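> Chains as they are written, first to last, in this note's numbering: chain A, 1 to 373; chain B, 1 to 318.
Any given hint could turn out to be false.
With a straight-line Cα cutoff of 27 Å, these simulated DSSO-like cross-link-like pairs (lysine-lysine) come out [stated by the list, open to error]: (1) B:278 with A:288; (2) A:128 with A:322; (3) A:221 with A:271; (4) B:152 with B:173; (5) B:152 with A:177; (6) A:259 with B:152; (7) A:271 with A:198; (8) B:278 with A:83; (9) A:160 with B:173; (10) A:221 with B:278.
According to the in silico footprint, chain A covers these stretches of chain B (three or more CB under 8 Å from chain A) [as the list claims (entries may be wrong)]: (11) 78-92; (12) 265-279.
If you're looking for bench data, these hints aren't it; they were derived computationally from the structure.
Remember, it's a predicted structure, so these values are computed and weren't measured experimentally.
Yeah, the Cβ is synthetic: ideal placement off N, Cα and C, and Gly gets one too.
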Amino acid sequence: MNRLKFIDRMSQGRVSRREMMKAAAAFGVSATLLPRAGRAAEMLTCLEWGGYDDPAYFPAFMAKHGVQPNFSVFSGEEEALAKVLAGFAADIMHPCNYSVARFVTAGLTKPIDTARLSHWNDVFPVLKDAEGVVVNGDVVMAPADWGNASVAYRPDLVEKDFLDAPTWGILYDERYKGRVSTLDDALVIQIGLMVEGKSYDEVYNLHGDELRAAAETWGRKGLETARFLWTDATELQQAMASGEIVAAYAWNDVIGNLKEQGIPVAYAVPKEGFFTWFCGLSILNSGKADEAAAYDFVDAWLSPETGKLLIEGSGYGHANTKSFEIADAEAVAAMGLDDPIAMMANSTVFRTPDNAVQEDQNKVWEDLKATHF
Amino acid sequence: MSSATTNGVALRDPARRREAFAGFWLITPALVVMVSMLALPMVALVVLSFWTQDGFTLDTTFTLDNYRRLFATSERGVAWMGMTFYLEYPVPAILMIKSLVMSLTATVAVVLMAYPMAYFLAFRVKRNKAVWIILLTIPFWTSYLLRVFSWKVVLGFNGAINSGLISLGIIDKPLEFLLYNPAAVMITLSHAWVTFVVLPIYVSLEKIDRSMLEAAADLGDSRWRRFRRITLPLSMPGTIAAALMVFIPTVGDYVTPQLVGGTGGTMIGSLVQQLFTKQNDAPMGAAVSLVMMLVIALLVLLFLTLVGYWKMRARRQG
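Using the sequences and the hints, build the whole thing.
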């Protein structure tokens with residue numbers, strides 16, 4: 001995905017309509033601008049992360065239905081959740097292990113009948129019954145993609161002490177003021193506490209006065225140091241490519257995409273640990289499309305071909321064991337992601353805070369941002 | 001009462017009645033749009049602001065809680081920019097003040113920028129005025145989003161300004177204060193709204209009777225005095241209208257701060273959007289936006305009174 005110099009290309013008029021739409025989709029305008037194909041049956045509507053709205057990720061669905069679903073792109077699950085609660089009729093959502101429970105609590109998901117998924121048997125067993133995939137005995141999310149969250153940095157631009165001992169602390173370090181970026185999420189507060197020495201398990205469910213106190217110290221520090229908070233990985237990639245940002249909270253794809261551009265970039269193993277997430281597809285009950293189409297879409301995502309693309313293209317892992325057999329061996333080795341069991345043992349898997357806690361964290365974070373000048 | 005009676009008498013005359021109905025039919029489309037797209041949503045917003053939300057469910061019992069929370073005072077003050085807010089929930093108040101200051105600055109900048117442009121258009125351009133006006137509106141043929149993005153390209157780290165200055169050897173490191181701060185929001189807003197200001201000012205300048213200027217010149221007024229005593233006062237109504245046209249919508253803007261504001265550029269519109277979405281508190285969002293609307297309305301009334309707009313109007317009509 002060579003979208004790095006998107007703005008440069010745009011200014012020179014070298015951007016195709018499709019690419020432009022993709023970029024526009026990042027701001028959620030695609031649904032209103034895309035020409036609607038004839039509506040014999042109601043079209044499948046998917047809430048998707050930016051970048052995943054590409055037919056290459058669901059070839060089997062394209063082969064069967066011939067036309068891609070409507071996409072509405074979001075930058076965070078809470079945003080997507082709010083949209084569905086406000087009445088947006090989506091059939092498919094792409095939540096993650098730590099966020100799917102929010103959709104279940106809101107009464108939006110339908111249990112998935114795994115017998116209707118032809119690739120289900122090939123899914124890593126550890127993912128099949130992981131927290132987030134099964135909620136209250138029902139499979140509510142078919143695991144699809146997984147990967148990490150850690151510090152991506154420019155080895156040529158950071159100080160030596162970071163190279164010697166990588167730490168999340170760089171995102172709060174005065175010396176890097178205006179040269180780091182982080183995800184627009186309350187995680188900024190939690191990671192700050194981890195820098196202080198607490199473990200993730202101690203802080204993921206933080207709420208009330210403790211949360212507010214931590215927000216005032218670590219949250220504020222993070223805001224003061226950050227150049228901007230990213231909501232769109234492309235924005236981060238551009239800033240890292242130009243050297244504007246030297247270190248940032250990032251997912252695996254940033255590393256892959258920047259390396260492809262020949263930009264020196266590395267993925268740290270911070271002393272506080274790095275995160276693992278896994279995401280998947282949920283079928284929502286708000287949708288209007290045929291349920292069979294929804295299952296076709298989920299099944300297409302679980303296919304080994306999709307996995308191969310994820311592994312080779314973005315450096316993400318995939319839920320299907322066969323993906324790793326057909327993917328380029330070098331790419332598999334490069335990402336070090338071939339074994340989800342080992343990966344989950346070595347890293348911190350994101351967890352789901354209680355519903356009320358999640359809302360408290362959202363609120364504290366938004367209020368903190370609002371009063372930051 | 002008396003006007004209603006006269007109307008009643010008038011409507012008894014069939015010809016008059018037909019005319020009145022024709023008028024009514026003419027405004028119907030506009031009326032339908034206004035009622036369905038503006039009045040009804042407004043009513044919904046007002047109703048919503050008296051409800052509460054807990055998690056995902058709306059509690060529809062009538063309560064003033066949202067407003068109470070907005071104005072509830074607290075012993076503990078929260079300091080922001082040298083001011084202390086003794087409020088329990090100070091975020092909306094802080095953002096309101098910040099947004100007002102930011103859009104006021106943008107408004108003043110726009111008017112100062114647009115007035116000379118309008119003046120040039122009205123007094124100096126003799127031929128092909130339409131072409132000039134079209135040229136002025138060209139940036140508005142693209143979407144607002146693209147215009148904001150082009151400012152990102154201009155102000156960015158390796159953007160036009162920085163690479164220009166570097167290649168001229170004036171600086172050796174890109175300037176970082178250009179983007180991702182409140183100033184970037186104000187610059188972007190100023191540019192985005194400039195046409196909306198040039199056109200009304202241009203119209204009011206164009207309407208000025210040139211013979212007055214000639215008379216003043218004949219009586220010995222200097223250029224500056226002519227401007228100050230004739231042109232400026234007569235173009236004031238247009239200028240004031242233009243200023244309001246920028247000020248009112250920019251206070252609630254949230255796209256611009258989102259894209260170029262960085263960590264510190266949030267405005268009150270962003271809060272309303274967040275309350276409706278991520279914070280899951282639509283009733284509070286409704287209350288904040290209604291209070292925001294009232295504050296803006298009061299400020300506009302105050303402003304119009306201060307500049308003597310009512311007198312100005314009376315004079316013009318009399």
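> Taking the hints in turn, state whether each one holds.
Here is how each hint holds up against the structure:
1. At roughly 24 Å between alpha-carbon atoms, residue 278 of chain B and residue 288 of chain A fall within 27 Å of each other, so this suggested pair holds.
2. A hinted pair counts as satisfied when its Cα atoms are at most 27 Å apart, and residue 128 of chain A with residue 322 of chain A qualifies at roughly 15 Å.
3. Distance check on the hinted pair: residue 221 of chain A and residue 271 of chain A sit about 20 Å apart at the alpha-carbon level, within 27 Å; holds.
4. Annotation: proposed proximity of residue 152 of chain B to residue 173 of chain B holds, straight-line Cα distance about 18 Å (limit 27 Å).
5. Proposed proximity of residue 152 of chain B and residue 177 of chain A is supported: the alpha carbons are some 20 Å apart, at most 27 Å.
6. At roughly 24 Å between alpha-carbon atoms, residue 259 of chain A and residue 152 of chain B fall within 27 Å of each other, so this suggested pair holds.
7. Distance restraint check for residue 271 of chain A and residue 198 of chain A: the Cα-Cα separation of roughly 12 Å lies within the 27 Å cut-off, and the hinted pair is therefore satisfied.
8. With a C-alpha separation of about 9 Å, the suggested pair residue 278 of chain B and residue 83 of chain A falls inside the 27 Å cut-off, and the hint holds.
9. Only pairs whose Cα atoms come within 27 Å are accepted, and residue 160 of chain A paired with residue 173 of chain B is accepted, the gap being roughly 21 Å.
10. The straight-line distance between the Cα atoms of residue 221 of chain A and residue 278 of chain B is roughly 22 Å, inside the 27 Å bound, and the hint therefore holds.
11. Look at the region 78-92 of chain B against chain A: 5 of its residues bring a Cβ nearer than 8 Å to a Cβ of that chain, three or more, so the hint holds.
12. For the region 265-279 of chain B, the proposed coverage by chain A is satisfied: 8 residues have a C-beta within less than 8 Å of a C-beta in that chain, meeting the threshold of three.
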